[in-house]
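> Each protein sequence line maps, in turn, to chains A and B. Numbering of the first sequence is given in this note's numbering, commencing with residue 1 and proceeding in unit increments. Numbering of the second sequence is given in this note's numbering, commencing with residue 1001 and proceeding in unit increments.
If you're looking for bench data, these hints aren't it; they were derived computationally from the structure. One should not assume that every hint holds.
What the hints assert, rightly or not - Chain B regions said to be covered by chain A (calculated; three or more residues, Cβ under 8 Å):
| hint | stretch |
| --- | --- |
| 1 | 1014-1024 |
| 2 | 1066-1077 |
| 3 | 1242-1251 |
Claimed, not checked - Partner residues aside, some chain A positions facing chain B, computed with beta carbon under 7 Å:
| hint | residue |
| --- | --- |
| 4 | Pro116 |
| 5 | Arg119 |
| 6 | Ala123 |
| 7 | Asn142 |
Predicted, not measured: the structure shown is a model, and the values here were computed from it. Cβ atoms here follow ideal geometry from the backbone N, Cα and C, with glycine treated the same way.
Residue strings, one per chain:
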Amino acid sequence: MTMSQQMLRVSSGTPMRGAAWVVLPLVVVAAAAVPWFATFAVQRLLVEALTLFTVALAWNLLAGYGGLVAVGLHVFVGVGAYALFTLSNQLHLNPWLLLPAAGLFAAFFALISAWPMFRLSGAYFAVGTWVLAEMMRILTLNTPWLGAGAGMPLEAMSGFDRWTRNAGVYWAAVTVGFGALIVARAILRGPLGLALMSVRDSEPAALACGVPVARAKIALWIVGAVMSGLAGAVAYMNTLQVTPDASFSLNWTAAAIFIAVLGGIGTLEGPIVGTIIYFVLREVFAGYGAWYFIGIGLLAIMAMVAAPGGAWSLVPERWRLDPLRVRRRMPEGETPASTVDTEAATLTRSSRRPPSANCRS
Amino acid sequence: MQIFAETLLNGLMLGALYALFGLGLSLSLGVMGMINIAHGDLIVVGAYLTGVAMGLFGIDAIAALSLVIPAMFVIGWLMQQLLLNRVVGRGPLAPLLLTFGLSIVLQNLLQEIFTADTRSLQAGDLAQLGVNISGVSIGVLPLLSMLVSIALLGATHWLIGHTHFGRQARAVSDDPDTARLVGVNDRRFFALVTGFIFATIGIAAVLYAVRTPFSPTAGPERLLYSFESVVLGGLGNIWGTLVGGLVIGVAQLFGAKISSGLGPFFGHLVFLVVLLARPRGLFGRAVP
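So that you can see chain A by itself, here it is in the shape it has in the complex (with noise of 0.2 Å):
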């Protein structure tokens, strides 16, 4: 691995470096402190989009990177969700304290769930992933002890002042946000990106270059389910109620298929810009109620028929900064300075090489 690393070496080291390192300790200051002068529904709206921006970022991760279009992640959501609240009402625990192990316990499903869903690929694993969703939702709303179809509160929430459980939530769910995005971009820069990309561009060559394609796999979508779980646990620590047909609602996934497909599927960069399209869309629109729903389908079907590469994608090339720094780049001398995608970088490697010294690894 370390071989082909330096071949495709990650962009860095650009000017941006210097800038980053002053604005990233702005945002995460002013991020922080938003309960001190926000409401509480500004405050509840922006744990809505940065968990739904989790979910999305997860299943662009699945999609774009890894090949896993799982029509079903929510069912992660639904999981993480109620591991925290039956956790945290049966053990009398702190929420808060509780989230690890939610990510831990969404993270144990994706691997036992791994072991049927990986039979299936492409398409099917697609709709393969929906059916364990519906499987999990059917089974919580017929099990009287997660209070089945009413489903259950969060009993250790009432033990917290209004201001402390808002801003606590808050601030869980710009932990999870941030949390996610780093996580995805170290993974994307590191040797499981880079496999991963590999599998994308083409997953018989990658078997062949010695890839360990179902691994890296199975790695992506426990990650991507500990993600999902996280959001799912701090979104309904918003509501301060879970029931089964709401935590394992399609609505979820659909929501995060619609910003990963408009903000651009496959770039990190995509769910940041869709989540931001979608809150716009959905403040200004959703008093439309019905008609809301049938135009953000529309824009989504027009946007895979006329823009596949999403928002991100109708940026013109040579302004598209790439401020996550997670496009690799040719080594020097063998390309023009500017970064190329990882699509183009391996054609004109294949084109130049013989076969052979694409494998090294």
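Once you've looked at the hints, dock chain B against the given chain A.
Same frame as chain A, but now just chain B:
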């Protein structure tokens, strides 16, 4: 024993309908390599169309077929020509996401036009008829719908195996590029196939509408049952889809006997168990 026999028979009759749901999905997967997420919603659209046709012309459900089938064929043909042909062949992701958007549009359009209320259609005197065989009562309507399903699956099987249409379908399915080289106009052919698929959806929709109440959001569940029938039976095997559908139908009704809310759960469970035991489905040749 009587209850067992009745549950089994009802499960088989329900399963035959699921197999008919699955027929269209199996064709679009087999021929075009795409999965239509809006498949279930289109069944519901067909059910509403049947209701509209019955209301407008004062005809019964069987007569409504003569309007719903051509209407669905035209909708399918247009949809493939105008929309789906733009994304077919671009890998599984693009058609999947496009039809996902379509599913959301259809559900909300139905809700806007027909409200979110559950509807049911009257099949007339036929619905009341039943035969009694040594204490086991069987509805005539479900029995008829089962026979129609099996006949349609058989007809499609013959169509694929013995006609020019079928040869083209198999050629495009095996190798779209070579099929194009030898003169198959794949875009026009895909429009024809989708028209045919939608026509089968129309028939399935009428049979579905007269036996079950439906609402605008009933689509996704139909899609899952169709999908399970296809994968369970094995890809590219129409009789396999029939067996897959029957297994799901029987599992659901026996599951509902164990606990009334868990019917579909047991259908899903059987699907997962078979998937683990036989990843290629019961009669499959290729890995899905």
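> If a hint holds in the structure, say so; if it does not, say that too.
Hints versus structure:
1. 1014-1024: Check failed, 0 qualifying residues.
2. 1066-1077: violated (count 0)
3. 1242-1251: Violated, because only 0 residues of the stretch 1242-1251 of chain B bring their Cβ atoms closer than 8 Å to Cβ atoms of chain A.
4. Pro116: 5 Å, holds
5. Arg119: Cβ of Arg119 (chain A) sits 4 Å from chain B, so the hint holds.
6. Ala123: 4 Å, holds
7. Asn142: 5 Å, holds
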